[in-house]
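A.B. asks: Sequence lines, in order, name chains A and B. The first sequence begins at 1 in the working numbering and counts up by one. The second sequence begins at 211 in the working numbering and counts up by one.
Derived by calculation from the structure, the hints in this document are not laboratory data. Think of the CB as a built atom: it goes at the ideal place given N, C-alpha and C, for glycine as much as any other residue. Hints may be right or wrong, so weigh each one.
Sample of chain B residues at the chain A side, in silico, Cβ under 10 Å [what the hints assert, rightly or not]:
(1) Val-316
(2) Pro-357
(3) Val-363
(4) Phe-367
(5) Phe-371
(6) Ala-392
(7) Phe-393
(8) Phe-395
(9) Ser-397
(10) Tyr-398
Calculated from the model, a selection of chain A residues having no Cβ within reach of chain B, i.e. all distances over 12 Å [as the list claims (entries may be wrong)]:
(11) Asn-68
(12) Val-74
(13) Glu-88
(14) Gln-168
Here are the in silico distance ranges between beta carbons for each label pair [said to hold, decoys possible]:
(15) A:Leu-160 to B:Phe-415: 35 to 41 Å
(16) A:Cys-193 to B:Phe-327: 19 to 25 Å
(17) A:Glu-176 to B:Pro-572: 50 to 56 Å
(18) A:Gly-13 to B:Leu-358: 54 to 60 Å
(19) A:Glu-176 to B:Asn-419: 24 to 30 Å
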Amino acid sequence: MALSTKTKAVLLGPLNKNNPVIVQVLGICSALAVTSKLEPSLVMAIAVTVVVAFANVIISLLRKTIPNRIRIIVQLVVAAALVTIVSEVLKAFAYDVNKQLSVFVGLIVTNCILMGRLEAFALGNGPWPSFLDGIGNGLGYGWILVAVGFFRELLGSGTLLGHQVIPQALYDAGYENNGLMMLAPMAILLVACIIWIQRGKNKELQEETN
Amino acid sequence: MKALRKYLDKIKPNFEEGGKLHWLYSTYDAFETFLFVPNTTSKSGVHIHDARDSKRTMIIVVLALVPALLIGMYNVGLQHYLAIGQDVAFLTKFFYGFLAVLPHIVVSYVVGLGIEFAMAQVKKEEVAEGFLVTGILIPMIVPVDTPLWMIAVATAFAVIFAKEVFGGTGYNIFNVALITRAFLFFSYPSKMSGDQVWVRTASTFGMGNGSVIDGYSGATPLGQIATTEAGSFADFTFHGITGQPLSISDMFFGFIPGSIGEVSPIAILLGAALLIATGVGSWKTMLSVFLGGLAAVLLVNVFAQNAIMEMPVHYHFLLGGFAFGAVFMATDPVTSARTEKGKWIYGFLIGLLAVTIRVFNPGYPEGMMLAILFMNAFAPLIDFYVIDANIKRRAKRVTAMVK
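Bound conformation, chain A alone (with noise of 0.2 Å):
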């Protein structure tokens, strides 16, 4: 199936220049919360890109019916269903990484991503479109969530996804976890770097230095 380019831009466009986290600055709360371990962090990444995909279609599929003064409630009822969904799957199917997540999984709700990409996106565009917004940007969201995830868990517990990787010997020699790394200033940390490094590969993105 070949994309045309409108769609590679919805769909591939929040992967990296148009990022909700690390460009627009959104769902920083939960990035920071949830990412101590990878598993979590995946759940997470998932439970957020079903939730805006499908919000999206559903906002998108209802966009002419809506009246314009209350479709943040409408919006909202549509996302609380949503996550309760993906709320009870969870606890039904991976009930650990659900207690992990705590308030989080709930919080999706008031995710600014979410809220933003139905009132930016899903509002002025078909089904079909919107979907595959939601998809790219849980997607971006996503992957800024595993990457911390990864470097959280790895250097802060030696693990990933809950097995040793870090070998013995290490530890012999004199090696020890970081512990910095599960508090969450060494996530803002993380996300920072991903941004330096994004910033310094496109110029568009860089402030003009007065």
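Model the placement of chain B on the given structure of chain A, informed by the hints.
C.D. replies: Leaving out everything else, chain B in the frame of chain A:
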């Protein structure tokens, strides 16, 4: 001297525009200005020049640190031979301490300066002098048993994230040496606190073999009082690592377990005298830190509930990093308040907070590092309001005169 100058002049063309080693110009420039006073002069405007450029300033701070470093080294040896129950000569103790501390200094300088030189080279700037002091401070504020790789990681972290991303020397918001320590403190708490890390019990380069004697306990005095069972200060005695009671003079000369540089208030006092006499460190900041500490201690003494709340003020000043922080950390010209009134407020709050953290937070027996870092963040705000108040006062005077 002349031969050195000639040699430098001879190799200089290699580093200048068009030379094959031009990419190393920053490095060359750093060494040339380190060895000789630069003869460049400003080309426009009126300037007053003084021999006290930042290289000389930094060197004076390093000199001021030397007494504390030497006594700290001796103390490392002293505590070690106490712990293994051997009686050796003065020089042996000092030499043991010297060997134990030297790798820390080397690692801190190699990593920090390496990053600084590389950064300067990439940005095509002169190498800044800031790390000269930071490099010697780092080994002095960490426990002697900190693994070298941790110092390397923490130094790299601090130089990059606390200094270079803000624009290099002179632009950092937080004290770089303290960021190094804070990174270690939160990353590797088991190596930075507790009662196992303050005395080096292992042998160093084959020196000082022996096993630890019975009844050994490596807790620092502040650690002891933070965890004591004693209900009041009168029931409590500070004890050394072999259980011997510690006198005030032990604490004053620095023969107690602790970080390398912080143990000896008399050596720190010497350093403070040099800093004040040369005008490098601000006596206002130093004094106000002690005043702030004094105020806080007197206050908690009145409402004392337990041993540490009853601890008299001179113990607070003699123990832990209080004196070291006040003299060498709070006075850092880059991160402290710059207005004269601001220095009083800034120092006072550091003293106040340090004692507060010590007394009320059982998790942190020492609060100096956190107090200074916290106030670093507020220094620009203090300056802003001091200047603002000044502007308002003068504006009032002008309007009064016009009327």
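A.B. asks: State for each hint whether it applies.
C.D. replies: Hints, one by one, checked against the model:
1. Val-316: 18 Å, violated
2. Pro-357: 5 Å, holds
3. Val-363: 8 Å, holds
4. Phe-367: 9 Å, holds
5. Phe-371: 7 Å, holds
6. Ala-392: Since chain A brings a Cβ to about 9 Å from Ala-392 (chain B), closer than 10 Å, the hint holds.
7. Phe-393: 6 Å, holds
8. Phe-395: 9 Å, holds
9. Ser-397: 4 Å, holds
10. Tyr-398: Nearest chain A Cβ about 5 Å off; hint holds.
11. Asn-68: Asn-68 (chain A) clear of chain B: closest Cβ-Cβ about 44 Å, beyond 12 Å.
12. Val-74: 43 Å, holds
13. Glu-88: 37 Å, holds
14. Gln-168: 17 Å, holds
15. A:Leu-160 to B:Phe-415: 35 to 41 Å: Cβ of Leu-160 (chain A) to Cβ of Phe-415 (chain B): about 38 Å, so the range 35 to 41 Å holds.
16. A:Cys-193 to B:Phe-327: 19 to 25 Å: Given a distance of about 22 Å, which is inside 19 to 25 Å, the answer is holds.
17. A:Glu-176 to B:Pro-572: 50 to 56 Å: 24 Å, violated
18. A:Gly-13 to B:Leu-358: 54 to 60 Å: 46 Å, violated
19. A:Glu-176 to B:Asn-419: 24 to 30 Å: For Glu-176 (chain A) and Asn-419 (chain B) the Cβ distance comes to about 26 Å; the hint holds.
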